[in-house]
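Q: As a plain string of letters, each chain reads:
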Amino acid sequence: MPFDVGRLLHEEFLAVYRAAAADADGWEDAAVTAAHRAGSRLRAAKTPVPQVVAALRAADGVLTETVLDGGGDARAVAAAGTALAAELMSAFCAAEDGLADAVLAGDAPDSAAASYAVVAVRGALPENVVNAFRRRGTVLLSSSGHLLLPVAEPAALAACRSVCAELGGEVWLSVAGRPAARVALAREEADEIDALVASLGRPPGVYRIDDVLFESAMTDTREVRDELDRVVAPLLANPVLVDTVLALLEAGGNRASAVKKLFIHRSTIDYRLWQVEQLTGLSPVNPRDLAVLGTAIGMGRANAWG
Amino acid sequence: MTTVLDSGLLGDLLRDILSPFDLPPVEDVATRRQLAGTLLSGRDNGSSDGLALSYAVVAYCASTEDPCALVVEALRDNHDALVLDGVYGGYALLPCPQDDQVALARALHDRLGADVWMAVSWAPRRDLATARATAEDVLRIAFGRPPGVYELRDVLADFAVLRRPHVAARLTRMIEPVVAEPMLLDALRAFLAEDGNRTAAARTLDVHRSTLDHRLRLIERLTGCRPTSPRALLTLSVALTAHSAPEVPLPRTH
Numbered sequence: 001m002p003f004d005v006g007r008l009l010h011e012e013f014l015a016v017y018r019a020a021a022a023d024a025d026g027w028e029d030a031a032v033t034a035a036h037r038a039g040s041r042l043r044a045a046k047t048p049v050p051q052v053v054a055a056l057r058a059a060d061g062v063l064t065e066t067v068l069d070g071g072g073d074a075r076a077v078a079a080a081g082t083a084l085a086a087e088l089m090s091a092f093c094a095a096e097d098g099l100a101d102a103v104l105a106g107d108a109p110d111s112a113a114a115s116y117a118v119v120a121v122r123g124a125l126p127e128n129v130v131n132a133f134r135r136r137g138t139v140l141l142s143s144s145g146h147l148l149l150p151v152a153e154p155a156a157l158a159a160c161r162s163v164c165a166e167l168g169g170e171v172w173l174s175v176a177g178r179p180a181a182r183v184a185l186a187r188e189e190a191d192e193i194d195a196l197v198a199s200l201g202r203p204p205g206v207y208r209i210d211d212v213l214f215e216s217a218m219t220d221t222r223e224v225r226d227e228l229d230r231v232v233a234p235l236l237a238n239p240v241l242v243d244t245v246l247a248l249l250e251a252g253g254n255r256a257s258a259v260k261k262l263f264i265h266r267s268t269i270d271y272r273l274w275q276v277e278q279l280t281g282l283s284p285v286n287p288r289d290l291a292v293l294g295t296a297i298g299m300g301r302a303n304a305w306g
Numbered sequence: 001m002t003t004v005l006d007s008g009l010l011g012d013l014l015r016d017i018l019s020p021f022d023l024p025p026v027e028d029v030a031t032r033r034q035l036a037g038t039l040l041s042g043r044d045n046g047s048s049d050g051l052a053l054s055y056a057v058v059a060y061c062a063s064t065e066d067p068c069a070l071v072v073e074a075l076r077d078n079h080d081a082l083v084l085d086g087v088y089g090g091y092a093l094l095p096c097p098q099d100d101q102v103a104l105a106r107a108l109h110d111r112l113g114a115d116v117w118m119a120v121s122w123a124p125r126r127d128l129a130t131a132r133a134t135a136e137d138v139l140r141i142a143f144g145r146p147p148g149v150y151e152l153r154d155v156l157a158d159f160a161v162l163r164r165p166h167v168a169a170r171l172t173r174m175i176e177p178v179v180a181e182p183m184l185l186d187a188l189r190a191f192l193a194e195d196g197n198r199t200a201a202a203r204t205l206d207v208h209r210s211t212l213d214h215r216l217r218l219i220e221r222l223t224g225c226r227p228t229s230p231r232a233l234l235t236l237s238v239a240l241t242a243h244s245a246p247e248v249p250l251p252r253t254h
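Chain order of the listed sequences is W and U.
Heads up: the first sequence begins at 1 in my numbering, then just goes up one per residue.
Heads up: the second sequence begins at 1 in my numbering, then just goes up one per residue.
Hints are all accurate, no fakes.
These stretches of chain W come out as covered by chain U in the derived footprint (C-beta under 8 Å, 3 or more residues):
no., region
1, 208-220
2, 245-256
3, 279-286
4, 290-300
Since the hints were derived computationally from the structure, they do not count as laboratory data.
Using N, Cα and C, we set each Cβ at its ideal position, and we do this for glycine too.
Same shape as in the complex, but just chain W (with noise of 0.2 Å):
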């Protein structure tokens, strides 16, 4: 059955309204209690954003006329108007992100989901993000921009994907869903990531660790942290063969491709690849030697950053 939001706005407002316009004391401490009750009431029922804030829009039109109607102070309607809305959207988000951080810091209340999905937002800002997600189904917001939804990883992956698809242009999700026991792991996950996609120059879309396995497997282990370090450091002071590196890399390892994307000519790009080789001791014409330089070089260029 859907949620009236307009009538319930209605119900609980409307005394508060008639207080304000015959100027009665106390309006004001009535205002807070009636606009966090139904706050809290939306949040329960799931009521997306953009729904509150029509109802309420609606609600203030439709009282302030009928409490006017035979007089009274339209000043003080107006900042009841005001002061409902502020609260119950107080009400309405705070609990929301409380909620958010109380799962992620490994206390969920009984009402929590069975499990979640945390999603790291990159290239846009978690408020903007938010909202697309609330059309698809209830999200949290925590205090550290984390994104959580109540479901398991495959449907938040769709919900992402849809989102994604959505918004368009630079943004890059990153998705890790746990028992909502262990949503702190699916965090520390999610910006892990984050943070490979991000140092490896990874296109926007939605990621999950299937599709940086060993490259956070590679960071991960300190022997091979190091190795990397000396493999790459030599190849970073020299900015040409690192973008001729990533340009083979993006064309797939297609030479004849990366020749035309780097306006050079073919014993030029074969020359430097030569000096790649001298080097690292790895060899770029080797696909699975040119996915390691990508993977140093991404994370030389992260460590070079801090």
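Assemble the complex: chain W is given as a structure, and chain U must be docked to it using the hints.
A: Using the frame of chain W, we list chain U on its own:
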């Protein structure tokens, strides 16, 4: 490099001047073997008479006994080398400054002229246990490739995944449907062995190139990894390592 292996005149002179004590004589194989085991297990108790400050750790193995005997033979007269040998594999400790270990191992490998897999790492004497573990894991990965000398740099992604069991488990699950189809597994192995060259891989498999392309597309459908992308090919390669990196027949160090 070779001066260390050949223990030339200069080395003898320096040792006489710098170290009043000496390693057990080369004839005392058992004591020297035990010393190698002690160092490799990280128990350098400070009684370091005649020992070098840093070593190349060469883990080696072969499919038959003879090549391993050749390694021992090649180092028999090298007073400074310590060997912990087994039937199908072993460790050689060669005194070595940093960054010379690969050339040193290659020189040894070249002298053998046999199918031997070698993995080399380097460490100061007190960190030899870590270097031994690194060499062992590199050797496990190298054993699935052509014989030769390998170092960590050659197998970085595979090594990292072997060290991260949860990542290895995910990759194993991903590659299992391919491993279950011998035809697809052979296609992937050939494609990897030819470094992503489709024409060469088709020739190895003795199939038409379009047949190979079809099998590679099936692999993509099963795993989500497109073999013609370098990243995806590395992922598939590493997944095969995670699925079936062999144990190597190395002797125990303690």
